[in-house]
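A.B. asks: Produce the complete structure using the sequences and hints provided.
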Amino acid sequence: MTATVTSIAAPVTVGTISTQAGATVYVYADPDGTLSSDCTGCGEYAWTLAADHGFAQQHAAACFRRPHPLRLAA
0 MTATVTSIAA PVTVGTISTQ AGATVYVYAD PDGTLSSDCT GCGEYAWTLA
50 ADHGFAQQHA AACFRRPHPL RLAA
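As numbered in numbering that gives the first Met the number 0, residues 0 to 73 make up the sequence shown, in order.
Hints are not guaranteed to be accurate.
Stated by the list, open to error - Per label pair, the in silico range of CB-to-CB distance:
hint	residue 1	residue 2	range
1	66	32	27 to 33 Å
2	65	8	30 to 36 Å
3	13	61	18 to 24 Å
No lab work stands behind these hints: they were computed from the structure.
Virtual Cβ for every residue (Gly too), placed ideally from N, Cα, C.
C.D. replies: Right, here's the structure in full:
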């Protein structure tokens with residue numbers, strides 16, 4: 000029996016944007032070329048095919064949740 004090991008590449012952080020409440024929206028470049036983001040305030044995860052940071056900037060401007068202690072280790 001032969002096993003195949005496939006490595007899974009982790010996303011790379013390409014930007015951070017602060018929200019008005021002090022949380023952080025992290026922007027990641029995923030291995031497949033798409034972007035995703037994660038908010039330490041509300042916990043929203045977003046994914047987009049768009050190659051810009053506009054989606055994360057819009058969320059950062061609209062999120063008024065303070066940073067969640069369990070989400071700060073992102």
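A.B. asks: Take the hints in turn and mark each one as holding or not.
C.D. replies: Hints versus structure:
no.	hint	result
1	66 with 32: 27 to 33 Å	holds, 29 Å
2	65 with 8: 30 to 36 Å	holds, 32 Å
3	13 with 61: 18 to 24 Å	holds, 21 Å
Figure legend: structure checked against the earlier numbered hints; every hint is met.
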